[in-house]
Each structure stands twice: as C-alpha cells, then as structure tokens.
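The whole structure should be built from the sequences, with the hints applied where relevant.
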Amino acid sequence: MFCVITVLLATACGGSGGGSAAVEPRAVGPAKGSLTWYAINFGPEGFPQKLIDAFEAKHPGISVTYQPAPNNTDTMRATLTTEISGGSNAIDVYSGDLVWPAQFGDASLAMPLDAHLPDDFWDRFPEERSRTAEFDGEHLAAPLYGDAGFLYYRKDLLEKHDLPVPKTWEEVAETAAKLQDAGDVRYGYVGQWANYEGLTVNWTEMSAAAGGRTVSADGERPEIDSDANARVLGFMRGMIEDGVAPSATTSFQEPQSLQTFIEGDAAFHRNWAHGWGESNNPETSHVVGKVGMSPLPAFEGEEGPGPSASGGWNLMVNPHSDAVGASLAFIEWMTGPEAQRMLAENAVLPVLKEVLHDEDLQKDNPALAAAADVPVVSRPSDTPRYPQVSHGVYTNLNGALAGSVTPRDALEAASDEIRRALNGRAL
Amino acid sequence: MSDDVPEGTPPAGGPPEEDAGSTAYVPRRVTTGGSTTGSTTLKAAPPGGQGRRKPRAGRHNSALERRFARMGWIFTAPALVVVLAVTLFPIAFSVAMSLSNVTVSSGGFQLSGVTTDNYSLLLGSARWQHALVFTVLYTVGTVVAELVLGTMIALVLERLSGSRGWMMALLLLPWAMITVVSAQLWAYMYNGIYGVLTALSNGLTGEPRQFLGTPGPAILSMAVADVWKTTPFVAIIVLAGLMMLPTDVVEAARVDGAGSWTAFWRVRLPLLRPALTIAVLFRILQAFGIFDLPFVLTGGGPGDATESLALLGWQVMFTNLDFGPGAAVAASTAALVLVGCLVFLRAFRARVGDEETTA
Chain X
1 MFCVITVLLA TACGGSGGGS AAVEPRAVGP AKGSLTWYAI NFGPEGFPQK LIDAFEAKHP
61 GISVTYQPAP NNTDTMRATL TTEISGGSNA IDVYSGDLVW PAQFGDASLA MPLDAHLPDD
121 FWDRFPEERS RTAEFDGEHL AAPLYGDAGF LYYRKDLLEK HDLPVPKTWE EVAETAAKLQ
181 DAGDVRYGYV GQWANYEGLT VNWTEMSAAA GGRTVSADGE RPEIDSDANA RVLGFMRGMI
241 EDGVAPSATT SFQEPQSLQT FIEGDAAFHR NWAHGWGESN NPETSHVVGK VGMSPLPAFE
301 GEEGPGPSAS GGWNLMVNPH SDAVGASLAF IEWMTGPEAQ RMLAENAVLP VLKEVLHDED
361 LQKDNPALAA AADVPVVSRP SDTPRYPQVS HGVYTNLNGA LAGSVTPRDA LEAASDEIRR
421 ALNGRAL
Chain B
1 MSDDVPEGTP PAGGPPEEDA GSTAYVPRRV TTGGSTTGST TLKAAPPGGQ GRRKPRAGRH
61 NSALERRFAR MGWIFTAPAL VVVLAVTLFP IAFSVAMSLS NVTVSSGGFQ LSGVTTDNYS
121 LLLGSARWQH ALVFTVLYTV GTVVAELVLG TMIALVLERL SGSRGWMMAL LLLPWAMITV
181 VSAQLWAYMY NGIYGVLTAL SNGLTGEPRQ FLGTPGPAIL SMAVADVWKT TPFVAIIVLA
241 GLMMLPTDVV EAARVDGAGS WTAFWRVRLP LLRPALTIAV LFRILQAFGI FDLPFVLTGG
301 GPGDATESLA LLGWQVMFTN LDFGPGAAVA ASTAALVLVG CLVFLRAFRA RVGDEETTA
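Residue numbers (our numbering), protein chains in the order written: chain X, 1 to 427; chain B, 1 to 359.
Source of the hints: derived by calculation from the structure; they are not laboratory data. Just so it is clear, CB atoms sit at the ideal spot from N, CA and C, and this is done for glycine as well. Among the hints, a few may not be true.
What the hints assert, rightly or not - Not close to chain X: a few residues of chain B, all C-beta gaps over 10 Å, as computed:
1) 68
2) 176
3) 243
To be verified - Derived CB-CB ranges, DEER-like:
4) X:156 - B:216: 33 to 43 Å
5) X:366 - B:89: 27 to 37 Å
6) X:280 - B:161: 52 to 62 Å
7) X:72 - B:170: 29 to 39 Å
As the list claims (entries may be wrong) - Okay, the calculated bits of chain X under chain B, using three or more residues with CB under 8 Å as the criterion:
8) 84-93
9) 120-127
10) 193-206
11) 250-263
12) 397-408
See the structure below:
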C-alpha cells in the first residue's frame with residue numbers, strides 16, 4: 001500500500017533529478033495589482049501598515065495587504081514552508097530572518113532576485129549585510145532592516161563609583177563584581193544564554209571578540225574547538241560561578257534578560273538595539289535615564305570594540321507569486337530612502353547606507369549612531385545546514401554554562417555535531 | 001506485587017466462590033493477587049476474545065440482510081472516503097516521505113527512490129536516542145504519578161456528597177486550561193529570578209534554586225506541571241468508574257471480614273480496571289506526543305534534556321527543513337506509541353477478560 005503510494009507520488013512529481021535546481025526565472029509582469037506581505041510586526045504598533053500607506057501613496061496602481069505572522073521566527077518558518085512548498089501563492093512578499101537565505105534557497109522557498117533587479121541595487125546596503133542575503137552566488141533576499149548587539153550599562157552606578165565604561169569582557173566582570181560588592185545591584189551581567197538561537201548569537205559575538213570562530217572561513221569544517229574559544233567559554237562559565245551572572249541566565253532569552261535589567265537588577269546587559277527604547281520606557285522600566293549603551297567589549301589583548309552579531313530581517317519573494325512585478329516595486333521602495341528613513345525615525349535600524357550614516361538622524365537616536373560604526377560579525381548561516389550547526393553550538397554550550405559538562409568537552413562535542421551537520425549527517 | 005496474603009483475606013475457595021455464580025464482578029484471588037502476568041494472562045485471553053466474536057459469526061444469513069448491508073456501505077461510502085482522505089492519506093504520505101529522498105522544489109515535494117537512509121540517520125543519532133529515552137521515561141513517570149494521585153483524589157471525591165460538584169469544578173480548572181497558557185504560568189513561577197517558586201526555595205533553603213536551568217530539575221519541573229494539569233482528568237475517569245461499581249461486592253467483602261484496605265486492593269481496584277485502562281490509554285497517547293509543555297517551558301533545554309520526540313520531529317521538519325528525517329521521526333513515534341498502547345491493552349484487556357470469563 002505504502003509502496004504504491006510512494007511510486008504514485010514519485011511519478012506524479014516527475015521523479016528524481018532537478019531537485020536542487022534553482023527556481024527558474026520567470027516573466028515579471030507589470031508593477032501593478034495587489035500583493036500580500038507576510039511579516040512579523042516590527043517597530044511601534046501598526047508600523048508595517050504605515051509603511052504600506054506611504055508606499056501606496058507613491059504607487060497608486062499597487063495595493064498591499066499586510067498579513068501579520070506569528071511572533072516567533074520558527075513558527076513563521078514552519079508556516080511559510082507549508083504554504084510555499086505546497087505551491088500556494090497566497091503570500092507574495094514575506095519578511096525573512098537574516099539567517100534564512102541559504103536554507104530557503106536550497107529548499108526553493110524564495111525566488112532569486114538578481115535577474116530582476118539592477119546590478120547596482122545591492123550597493124545601497126553595507127557589503128557584509130548584502131552578502132548574508134546570498135546563496136550560491138545569488139541574492140535570495142533584499143535586506144529590510146538591521147539589528148546589532150550592544151552592551152547596555154548602568155550609567156548612574158558607574159558614575160557613583162567613578163568607574164569607566166568597560167572596554168574588555170574582563171573589565172565587565174571586574175566592574176560588575178565591584179558594583180555587586182557595594183550592594184548597588186544584585187547581578188553583574190545578563191545576556192541570552194538559554195538553549196536557543198540567541199545563545200549562538202551571544203556566542204558568535206564573544207567568540208569573535210577573542211579572535212575565535214565557530215566554522216572555518218570557507219564554511220567547510222568546524223573551528224569551534226580552539227584555545228580562543230575555550231577561553232571564552234571558560235570565562236562565561238566563570239561569570240556564573242562567581243555570581244556575576246545569575247545561574248538563571250542559562251534559561252534567559254531576550255525578554256527575561258531585558259526584564260532583569262530594566263527592573264534594575266543587573267549592572268550590564270547585552271541585547272539588541274530595542275534594548276535602548278525598552279530601558280527608557282517609563283511605563284515598564286525602573287532605570288529610565290540611568291542607562292548607557294556602548295559597543296560590545298573585546299577580550300583582553302584583542303582589538304576593541306568587540307563585533308556585534310548582525311541581525312535583522314530581509315524581504316523575500318514567494319516563487320509562486322503572481323505579482324512579481326508589484327513585489328519588486330515594493331522591495332525597491334522599502335529599501336529606498338523614504339521607507340528607510342521612516343524606519344530610523346521609529347527606532348528600527350535601517351540598512352540603507354545613506355540613512356544609517358545620516359548625522360541628523362543619529363543625533364536623536366543613539367542606537368543608530370552606535371550601529372553605524374560598530375564592527376559586525378555574521379553567524380555561519382551561509383550553509384543550508386545552519387539550523388543544525390547552530391543547534392550544535394547552543395545545546396552544547398548551554399550544557400557547559402549550566403555546569404553539566406566542562407567547557408573543553410562541550411566544545412569538542414559541539415565540534416563533532418557541527419562536522420556532522422556540515423556533512424549532512426546530523427538530525 | 002507481593003504474594004503475601006493480607007490480613008482479613010478470605011481463604012481461597014471460600015464464600016466468594018459461591019457468590020461468583022450470581023455476579024460476574026467478584027474477582028477470584030488468582031487473578032487479583034497482583035500482576036501475575038505472563039502465562040495465566042495470555043492463556044486466558046483467547047477464550048475471552050473468541051467469546052465476544054461468536055455472536056457475529058452467523059450474521060447476514062438472508063438475502064435481505066445482505067442487501068441492507070450493501071446499501072449501508074453505499075450510503076456510508078462518501079463519508080468513508082472523506083475519513084480516509086483526511087486520516088489515512090496524511091499518514092500514508094508521511095510514511096512514504098520517511099522512506100524516500102525528499103526534496104522541495106518550486107513544484108512542491110519531490111519523493112524519489114525508496115530508501116531507509118532516514119531511519120538509519122535516526123537510529124544513529126544520539127539526539128534521537130536521547131529524545132526516545134526521555135519521552136518513554138517521562139511518559140511512564142508522569143502517567144504512573146497521575147494514576148496514583150488521580151485514584152486517590154477520586155476516592156476522596158466519592159465520599160463527598162454535597163460539595164462534590166464544587167470540588168469537581170475546582171479540580172477541573174487545570175485540565176480545562178489550555179496547555180500553552182498553563183505552561184506559561186508555570187514558566188512565570190519557575191522564572192530563575194522573579195519566580196514565586198524560586199523565591200520560595202530561597203526562603204526555605206537560603207539559596208534560590210534554578211528549576212529550569214539544569215537537566216534533572218528541569219525534567220522534574222516539567223513533570224510537575226504535567227501532573228498538575230492532567231491528574232484531574234484521571235481523577236474524573238476513575239471517579240466515574242468508582243460510581244459504577246456495585247456496592248454489594250464491597251459489602252460482601254466486608255461481611256467476609258475484609259478491612260477497608262483489603263476491600264480496596266482486592267475488590268474495588270480490580271473492578272476499576274476498565275476505567276483505569278481508559279485513563280492510562282488516553283494519558284499514554286498524550287504524554288508520548290508531548291509538545292506544548294517543553295516548547296513553552298524549556299524549548300527542549302537545557303542542552304537536549306527535555307527534548308521530546310514530538311519536539312524533535314517538529315524541529316527536524318520545520319526548523320531544519322529536513323522533511324525525510326522529520327517524517328521518519330513522526331512515523332516512528334506514531335508506530336512506537338501504537339505498539340506501546342497495544343501491548344498495554346493486551347495486558348490489561350486480557351486480565352479484564354480473564355475475570356469476566358472465569359468468574
């Protein structure tokens with residue numbers, strides 16, 4: 001019975017071969033009609049609709065429907081996969097996580113864009129940001145907005161004790177311990193060290209700040225089991241052992257670490273750019289006006305500042321879309337100066353170089369000013385196997401941070417799992 | 001269980017044997033003395049099964065009956081087709097997926113060739129093995145705990161008279177709550193810094209305990225949330241079973257000198273088996289497919305400590321977009337739970353049937 005069905009399906013689908021072939025270029029169609037944009041809300045409440053209104057005012061021939069996505073990256077990916085692999089054209093353009101292009105390109109869930117956009121289109125973005133949207137030499141996504149990790153600190157406490165803003169991770173730990181000993185704050189440092197993608201982000205930043213890597217530059221093999229990385233992981237575990245970081249950090253994602261910081265219970269905090277607005281929101285924060293933000297520290301002996309993991313979202317096109325022409329016009333406008341300026345004015349980090357470096361905008365927006373110059377490090381997401389690679393990183397490191405294995409053993413285990421992932425032999 | 005004869009037990013072959021003629025419910029010592037599984041049980045099963053099937057053997061004798069039967073099939077055919085399409089097809093498709101190389105292209109899923117690669121990948125993966133062990137142990141642990149607690153609660157409820165309705169309503173609250181919501185509530189309580197339980201442990205031991213930060217406590221904390229939520233379900237089913245028990249058997253046992261403990265162990269509990277079977281069956285099915293609790297509470301962490309088969313299957317399928325191996329996880333999980341339930345049913349049914357036919 002099952003065999004019969006297998007055969008039927010195999011023949012119905014045209015059998016093997018050509019499975020990895022890219023989506024063929026297609027007629028673009030006119031830049032008018034209606035399209036559906038599927039995205040997780042970003043910026044203030046109702047912001048996507050404001051962007052759409054502005055777009056429609058400029059393009060009267062196109063109407064855009066905003067379809068909100070579940071506020072969880074993995075759930076959104078699951079929905080998109082079911083829709084698009086089932087051949088649905090209900091969605092035309094969707095927002096996609098920065099780390100998706102390789103995986104989505106490999107699974108033919110996104111339309112390659114190079115054939116339809118002018119070659120100089122990509123010059124408007126920072127080079128590294130544009131590169132992360134590529135897979136197999138083709139752009140599968142257009143950057144929409146950015147994000148970067150920052151160190152948030154309690155300005156008031158540093159001033160009180162006349163301490164400088166730390167430039168190295170070692171100084172963060174020392175300064176934090178001093179503030180804790182003085183009884184000014186419960187915990188020294190909180191980040192996102194739970195068992196999920198965010199730990200890979202935190203790890204990528206800290207590892208790079210010590211000169212370490214997770215995967216080799218050519219993407220072929222793991223390089224996580226190195227001395228530099230052992231130093232970093234040992235340092236992270238040491239923070240927990242010394243009580244600088246609460247042991248609960250091993251179950252902290254962004255909301256939990258942010259809550260600890262805005263309750264006034266942590267001296268230092270790593271978070272994305274929205275941490276600035278959140279810690280200065282008088283409705284929820286107890287530390288309004290007492291917070292400073294700086295680039296991330298490096299490790300002693302390395303050149304500072306430490307790099308920020310690049311984050312953010314792209315726009316991608318459903319290969320089954322009937323409104324490719326309108327979708328491309330939408331992408332062109334959304335990555336252009338008018339929309340990107342709207343982003344910057346609404347506390348979302350733009351990806352358009354000219355807006356990112358606009359000094360007038362930077363004056364009112366310290367996050368923008370900080371993000372414009374900060375060095376950037378990317379997660380090793382240029383392989384379709386990135387989810388398994390990342391899983392190999394965060395599960396093993398989380399175990400070491402919780403104290404169930406030694407840092408060295410964890411790095412070795414992570415290295416094994418990453419190797420298997422890169423060879424396509426990891427679950 | 002023990003083979004000791006508890007105090008007050010009537011001697012074998014005593015009065016209950018005589019009563020047994022009139023009521024089919026009085027169990028014999030042989031079958032109720034404990035889990036004397038194995039030969040007795042299995043041997044007893046076939047007669048019971050056949051006994052039930054016998055009356056059906058001689059049906060559809062007349063031509064008229066056969067015609068009615070045919071008409072019945074014709075009338076139900078459309079509904080059957082729908083049922084097959086929505087239940088059998090997805091199952092068959094995922095089994096087919098698990099047995100072939102799956103690629104996704106602009107044309108949708110492509111299955112090519114027949115291969116066992118997906119399953120060998122599974123069997124060789126430490127992650128899958130861990131998820132399997134975790135899921136099995138977690139299922140056994142929580143179901144046993146729920147069964148014991150649920151039965152105890154049901155026994156108390158049975159004795160209540162006026163307030164039973166209120167108590168039941170109260171008791172059902174956790175069960176009525178959507179798991180995602182209750183899991184989020186537990187997550188707040190377990191929160192490593194602001195959680196109520198963390199503060200409580202700080203007050204009691206002088207040190208804030210981390211409930212979700214390390215493997216052992218995380219598994220336990222999750223099990224507690226599960227037991228909290230599903231014990232009421234077990235209690236209600238067992239209570240229903242208790243209410244249906246004939247009171248005269250217990251009275252008879254008392255007359256024979258059985259204490260309340262003996263009367264419970266030797267008379268009421270064995271009679272409760274059908275109710276317990278249903279409760280356990282439902283719970284095994286649910287517990288084995290547990291997804292929402294680890295998804296909200298731990299995300300499968302710390303490490304892979306609380307990653308269940310369902311969570312793993314979802315991740316492989318929809319995070320890694322590995323459809324072949326993902327389907328293999330799903331299909332093998334379904335097969336495992338099916339086998340588990342059949343084995344359990346066989347063991348339990350056999351014993352019930354045993355009592356019915358031999359008593």
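Going through the hints against the structure:
1. 68: For residue 68 of chain B, whose nearest Cβ neighbour in chain X is about 30 Å away, the distance exceeds 10 Å, so it holds.
2. 176: holds (24 Å)
3. 243: holds (43 Å)
4. X:156 - B:216: 33 to 43 Å: holds (40 Å)
5. X:366 - B:89: 27 to 37 Å: Because 57 Å falls outside the window, the suggested range is violated.
6. X:280 - B:161: 52 to 62 Å: Given a distance of about 60 Å, which is inside 52 to 62 Å, the answer is holds.
7. X:72 - B:170: 29 to 39 Å: holds (33 Å)
8. 84-93: holds (count 3)
9. 120-127: With 0 residues close enough to chain B, the hint is violated.
10. 193-206: Since 3 is at least three, the answer is holds.
11. 250-263: It holds, with 7 qualifying residues against the three required.
12. 397-408: With 5 residues in contact (Cβ-Cβ under 8 Å with chain B), the coverage given for the segment 397-408 of chain X holds.
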